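Colleague: Residues per chain are reported as follows:
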Amino acid sequence: MVAIDLTGVTKTYGDVTALQGVDLTVEDGEVFGFLGPNGAGKSTTIDILLDHARPTAGQATVLGMDAQDETVAIRERTGVLPEQFGPLGEMTGRQHVAFTVEAKDADDDPDAILQRVGIAHAADRPASGYSKGMTQRLMLGMALVGEPELLILDEPTTGLDPNGARQMRQIVHEEADRGATVFFSSHILEQVEAVCDRVGILDAGNLVAVDSIDGLREAAGTTGEMAIVLDAVPDGLVTDLEDLEGVTSVRVEEDTVTVGCENPAKGAVVRSCQDAGATVENIETSEASLEDLFAAYTGGV
Amino acid sequence: MSTLAVAKKDFQDALRSKALWGLSALFVLLSLLIAYVFAGFTAEIGIEAQTAKGLAYFLASQITLFVSITAIVIAYKAIAGERESGSIKILLSLPHTRRDVLLGKVFGRSATLAVPTLIGLLAGAALGAALMGEVAPVALGALLLMSLIFVLTYISIIVGLSALTGSTSRASMLTISFFFVFELLWGGVLIGISWISRELPFLSDDPAWIDILAQIPPSAAYTTGLTALIPGDIGPADETTADAFYQTPWIGIVILVLWLVVPLAIGYWRFSKVDL
Chain L
0 MVAIDLTGVT KTYGDVTALQ GVDLTVEDGE VFGFLGPNGA GKSTTIDILL DHARPTAGQA
60 TVLGMDAQDE TVAIRERTGV LPEQFGPLGE MTGRQHVAFT VEAKDADDDP DAILQRVGIA
120 HAADRPASGY SKGMTQRLML GMALVGEPEL LILDEPTTGL DPNGARQMRQ IVHEEADRGA
180 TVFFSSHILE QVEAVCDRVG ILDAGNLVAV DSIDGLREAA GTTGEMAIVL DAVPDGLVTD
240 LEDLEGVTSV RVEEDTVTVG CENPAKGAVV RSCQDAGATV ENIETSEASL EDLFAAYTGG
300 V
Chain Y
0 MSTLAVAKKD FQDALRSKAL WGLSALFVLL SLLIAYVFAG FTAEIGIEAQ TAKGLAYFLA
60 SQITLFVSIT AIVIAYKAIA GERESGSIKI LLSLPHTRRD VLLGKVFGRS ATLAVPTLIG
120 LLAGAALGAA LMGEVAPVAL GALLLMSLIF VLTYISIIVG LSALTGSTSR ASMLTISFFF
180 VFELLWGGVL IGISWISREL PFLSDDPAWI DILAQIPPSA AYTTGLTALI PGDIGPADET
240 TADAFYQTPW IGIVILVLWL VVPLAIGYWR FSKVDL
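So the sequence lines, in the order shown, correspond to chains L and Y. Numbering of the first sequence is given in numbering that gives the first Met the number 0, commencing with residue 0 and proceeding in unit increments. Numbering of the second sequence is given in numbering that gives the first Met the number 0, commencing with residue 0 and proceeding in unit increments.
Derived by calculation from the structure, the hints in this document are not laboratory data. Here the structure is a predicted model, which is why all the values come from computation and not from measurement. Backbone N, C-alpha and C fix where the C-beta goes; we use that ideal spot for every residue, glycine too. You may find that some hints are simply not true.
Claimed, not checked - Calculated Cβ distances over 12 angstroms to all of chain Y for the following chain L residues:
hint : residue
1    : Gln-19
2    : Gly-20
3    : Thr-24
4    : Thr-60
5    : Ala-119
6    : Glu-217
7    : Glu-241
8    : Gly-276
Claimed, not checked - Here are the simulated distance ranges between beta carbons:
hint : chain 1 : residue 1 : chain 2 : residue 2 : range
9    : L       : Arg-53    : Y       : Val-72    : 27 to 35 angstroms
10   : Y       : Trp-208   : L       : Gly-20    : 54 to 62 angstroms
11   : L       : Gln-114   : Y       : Lys-272   : 38 to 46 angstroms
12   : Y       : Leu-25    : L       : Gly-20    : 56 to 64 angstroms
13   : L       : Asp-110   : Y       : Leu-25    : 34 to 42 angstroms
Chain Y extracted, bound-state conformation (with noise of 0.2 angstroms):
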């Protein structure tokens, strides 16, 4: 309950701000665009496979960069910054333990973060239904579902990054760091460490591992998890003779749901013993 009234108070502290508005506003313009590149982009070079089904890939391969780069600008600051500014001590001097605050920022950003990816993917999906002609109810509901584990995961983690410190600014530079190392930089790294992996000879024999690897930065793991929730004949699904669970894109969806404990419950157990 305590967790609840933290969420509620920190939602409507966003509702209050312009900035969440202009977010959404954003994201519907970017979501309609999307949508009709897609629609008109493959008409044009007379791709058959024009589907509403394709169109829920595309539009989740292209929110992963708003997602995550709103989820830092608006989550990095969550409990460094009520640290730093000291009013963390308001809401704790209150019959809220530090748990409570700490969930309760992550639902009330998720909730934040949520809005306007939700109204941002109904916008792009019911254009492209317009002009394609089709609707494709499985294919729109995984994306909306699987979008908004991905956002609560996000929130999760950079709530956690947070977590770690009463300084705002190392936690924008945690967040960052993240972001650029699990983001923009994670095919280099893997690069790195298929070359060293040369030299060690136990691995060298078997790439599945990379592949593995290749599915760990969070946006992978979504998109990969979607083609999980998705029947059909779309991704990389049919193509693997799936003969292990790795290999299935359900991997996607526990690399998910580790992104959503891990980082959040080393946050808690660092931000519970710290003295504020």
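This is chain L alone, in the form it adopts within the complex (with noise of 0.2 angstroms):
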């Protein structure tokens, strides 16, 4: 099955085209990341998807229904983090929850959910004076409510510290154990890296890219750096390596030689120092950062 399908979606408001003929399939079950700079559409494509914003032209569907004319059916199994959101009235964290629960007809205990987003000291306390990082957890919990079949993520980490990111990382992650499609966007790159089976790129309102990780790597043509720091650098090596198939830079500072090179060179790159008589004492290997990657794709430097 698949869990959110758009076809040729496209949304203006006035002038300005927030998404251009976007065409993107998110099987069901998976953890799809959905990447790009801040106002590149992301929002409204979630906008489209829970039938906040009509789009201008094409057609999204959700759980395989129609997402203008199912709205409720698509939203009773779907668990949403929404990215704007307002003061919440003069409820507790528990009722919140509770307000979920009743709304979506669960049978969750609120005080579960709060335990597990890491706010249950907070269930009586008005949300009104949570925290950014307290609220986000709580909406979190809001939309874990329910198991449900598809979670909307809209730029979840936002307002989290350090720890409380790796407990998102960590939740969905066990959401996506459960079998549910867990759809996740970001502008922070690690965040979606750490999670995501596939990623698509936004940018402008285009879809610019979407693969796996590693494909996107691959096609960008990035590649990674590995640092050797050996007891002396030899003659000739550097001219060594840069014949190398799948080299393509070497720098030498002090003791240390640097080479960028694609994964599958990086043994005959180990393998060369050593044939030139020099001693491997320190091996640092790094892959392009999806920053590097990002930017390929979306025309930044």
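Assembly of the complex is requested from the two constituent chains, each provided in isolation within its own frame, with the hints serving as guidance.
Modeller: Structure below.
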């Protein structure tokens, strides 16, 4: 089954084009990262999935249902963490979750949910007094009510400290293991990299890439780096390394040789160093950051 | 069911805020004052017809300002405010329809305003009964019923206007303009209309429609409608030799029902289409 399907979705606000002919399919059970700079159209896409906004052209389905015609049935089976929220009225944290449980006709225990998102201690306080991070946790808790088939999380890590972001990822993993589909939007690359099976990159209303993170790396032609510390750098080593297949750059700084290369070439690089008579004291490798990928796709530098 | 859930949340929010209790206290005081003045003043100038029924009319004529202004204060942000802050997306991410949210707001805020209104009216009627030694159960029942409808209607108008926009400043402009045109300035509007009508020969001979226009403000429709429900000798009801329906006080109830339905329907029509 397909969890989310967009076909030629275009959304314009007056002269501004928020989305331009977006085609996207998210499979059932997948954790899908929806990446893009602020203003790229991520929230507009989510608004269309939830019928907060209507597409100018094209069609959107969620869990096989038309996003504009079967909104209530979709929301019954979907948990949502909306991005833009305001004050939440005078209800306490527990009452917020209980309100969601009632709306979804679920049987969750509000305290267990609050425990899971780490704000059980604040259950009896009015949510209007919560910090941004606590509000975000509460919203996540509300999204989890009723074991939804689909979780739509719009910038879920906004306002969370590193510990909170880690718990958020943990919960996303748990939900995915349960079989839920997770649609996770973010402009923070590491968040997406850590949890997502596949990633879509949105830029200025256009979906510029959809692939696994490895696939994206490959497609963008970006490579990793390997820094090798030697006892001494033998003469001619730099030339030998540059001749190896898959090596794109070689830099030497004191006793450290930094080689830009594709992953399969790394073994040959180390062997060449040893063949040249040097003793390898340490090796550090790093992959191209998602930031580099992102820049490559979205036209940044 | 969804409508009730939203209404309940809205009402509970109001219960938790001090504003509702402040309003209740204010209105109880206002109502007691009205009853005291009515009983005292009519006795002093020696009016014989000082009755509990008369007090019901007097209370009705005095609470319209309280209800209309309070309705604007507690309801102008009902939809516009939640759109502006984005919190409406929380409600609408749950299995509620936009209609559930709109009607839920109307019922929730109506309950919020009905509580101080009813408490106040009962307090005023009780003081009146004590001072005058007389109770008019039918008149009191009619007063409470019409006041409930009036509260529901006013909230419905204001929520309907609030649903037209996603900006609270525009919502406050709309609702205050409504109040000015239909409550404060309506007399002037009528003079203007009747002056213009003299230039329109096909209308000039019949002043009846001007009388109907005078009933258009919700407050006027409410007080007129009340006379339809209270049998007896007070008010303009028996002076009319009711030869047409629109000349009876029932016109007030008809106009009130139109106010209850039409602005909200327009608000819903707009709100159901708009991008949040």
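Colleague: Each of the hints needs a verdict: does it hold here or not?
Modeller: So, going through the hints one by one against the coordinates:
no., hint, in the structure
1, Gln-19, "holds, 17 angstroms"
2, Gly-20, "holds, 19 angstroms"
3, Thr-24, "holds, 22 angstroms"
4, Thr-60, "holds, 17 angstroms"
5, Ala-119, "holds, 21 angstroms"
6, Glu-217, "holds, 37 angstroms"
7, Glu-241, "holds, 55 angstroms"
8, Gly-276, "holds, 65 angstroms"
9, L:Arg-53 - Y:Val-72: 27 to 35 angstroms, "holds, 33 angstroms"
10, Y:Trp-208 - L:Gly-20: 54 to 62 angstroms, "holds, 56 angstroms"
11, L:Gln-114 - Y:Lys-272: 38 to 46 angstroms, "holds, 41 angstroms"
12, Y:Leu-25 - L:Gly-20: 56 to 64 angstroms, "holds, 58 angstroms"
13, L:Asp-110 - Y:Leu-25: 34 to 42 angstroms, "holds, 39 angstroms"
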